[in-house]
Amino acid sequence: MECVVQGIIETQHVEALEILLQGLCGVSKERLRIHELCLKSGPNLGAVASEVRLLCDLEQPVPTWTVRHVGGAMRGAGAEQISVLVRTMVESKVSKNVLRFFYALGYKLDHELLRVGFSFYFQRGARITITVTSANKMLKLHATEEAVPVTPGIQLVEVTAPAAADNYNEVAAAVSSFCEYLAPLLHLSKPGVSTGIVPTAAAAAASLMSNGGGKQL
Amino acid sequence: MASSKPSLASLRTSTSSPVPIPSPNVLPVMLSSKLLPEMEAEDNLKREQLLLGLQNLPIPAQIEKLKTRIDMIAAACESAEKVIADTRKAYGLGSRQGPAIVPTLDKVQAAKIQEQENLLRAAVNFGEGLRIPGDQRHVSSALPMHLVDVLSFGDGTQNFADNSGAYPKNTPSSMPSGNINPQGSTLQAPGAPLIARSVPSPSAISGSTSFDNASTPPLPYANSPRPGTSMMNTPSPQQQAQQQQQQQQQRQKMMQLPQQQQQQQLLAQQQLRQSSTPGGLGQNSVQQLQDLQGQSQQKFQQVHGQHQMQYSQSLGHQQFSNRQLQTSHMQHNMGQNQLGQGNQLRSHLGQFGGTANSALFNAAQTSPNSQMISNMSATMSSQTLLPRVQFGLSGGHSQRSHASQILSDQMFNMGAANTANMVQMQQQQHGQQGGFGNMQTNTQNLQSGMVALQSTQNPNYPQQRQQNQQ
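Protein sequence lines, in the order shown, are assigned to chains A and B.
Each residue of the first sequence is one higher than the one before, starting from 1 at the first, in my numbering.
Each residue of the second sequence is one higher than the one before, starting from 1 at the first, in my numbering.
There may be inaccurate statements among the hints.
Stated by the list, open to error - 27 Å max Cα-Cα, derived BS3-like pairs, lysine-lysine: (1) A/Lys137 <-> B/Lys112; (2) A/Lys137 <-> A/Lys29; (3) A/Lys140 <-> A/Lys190; (4) B/Lys112 <-> A/Lys190.
Honestly, the hints are just simulated from the structure, not real lab data.
Based on the sequences and whatever the hints tell you, model everything.
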């Protein structure tokens, strides 16, 4: 399971966000360049199509592959009260044959995406991962070199943390409190719920970028 | 005048004499009623300060004096406040009551950002706006590094979710083109779901084709000499028509990128085939061949796949048609699923491999013809494994009765070594009818075409294939 929230930030403020995250997390960022292939199962595998995502990390010297299955989100009154989305998720490292393997099973490529950006890790109550990426689409199949951003001016910020059935409440609380640190720059919400940008983002970004930091009276 | 309630801490610190600390329950009550001796003493002290000099006057006088004091203080406060306000204005500090002005976005900008946000969220979470339509789903010339060794030639384009065909079978993993497998397994599937794929189909498929037998009888086999006697060896008209139909269908499918119209045409074609009983041998096929020729040529131009272009351009009309017919002999809706997906490899292979495969099929289906068989073997030997692909492409086609076994055998051979394919082809030799009968071309053209076909093979083809060729 994982707890996840998403938010958007204008591309011009991404650098300020990086500074803020650097300060919060204490570790340096990790570059991200992930080719995400979303496969859907064919009719031979059942009436309900299932979806898996293959993530190829292109930043490594040798591309590493990960398979990821995202399940349904928790629903109900209790889920609505939690400010993060809690959903099942299974992830595993795989070899590079995973694509052919799934094709042989009968999965078909539904869409693909190239995500370029950076990520930070933060440990407080839970191992929180913050990724700031721009989503790029490929006009030609598998042409990752020629990917163009889906929305050039806006990037996606995703905060996730792994959780288990018995501790998802604590993890959700940890994620929420972490998100409050980012409040001056962006608002985070459950995936699918739009947030808009934050009006104080420009001022917060300016103050983060300036050398003096906070102003003293 | 009332003194403020002293906090418990101040009580402790300010009293000179130790004050017994009341219990928590009692303290609030004592505080509110000022019963604490501390508070009382404080109260007295303050009263004395206020009424200094007024104690001796009568009460009304004291009241008057206190009122004037209050008024004076009020006036002083007002003037002070006025001064402060003036100073604020002078310094531009803003009014005290209003909160800091929050920079707001104008509506237009906010709407634009909202729209962008929706796009981005939908793209990342659901993949909207990222799906490439089926006809554009072909692998571009340069695969990125991380996919080059992952996807064998033609793998990537096969599996697209927009193809709704049923893929009951999975090909063995040894097969180089793994994508073909799911489609090839549609042997059991009825024709209808297969047809749903976007596969090019001959535009004009008419069951009743008027073919003038006297003038140019179709050649049952590409390599066989022209005389009409070869028709005697052909299988029943229905069978032949079916074979021809299938050949054409296969050819078209393989050559072209998937298109909706083609699917429908193919479907129509198939339906026509099944129901129609052509009057003369090869009538349907001939007509279809003509149609196919036109179509295939047109479609060839559309094809922008690397492989396809290379070899289509090098072929002449007749060669092209011959090949197509032969490949279409494969019958199953090969092209339906896979071609629809724009698998260049497939179509490429289909075009090339058709000759060998179709020859074999034809031989297998028809009564043995010594000429044909010899031709077939000649054809086969000269051909490489290209036909392999065809096998896989031709999915389960329900129309086939006798050919289904052959097809299934061929399909399973797809991943096999060349020798295996060759063997299978040989097995079918005897039974096949001259599937080439569709071609109107003379044998020479066909043969030369086949040779040319081999020579123009796509260098991108997997190595295995190239070994077999010539």
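Hints that the structure is at odds with (numbers, increasing)
Hint 3 alone not satisfied by this model.
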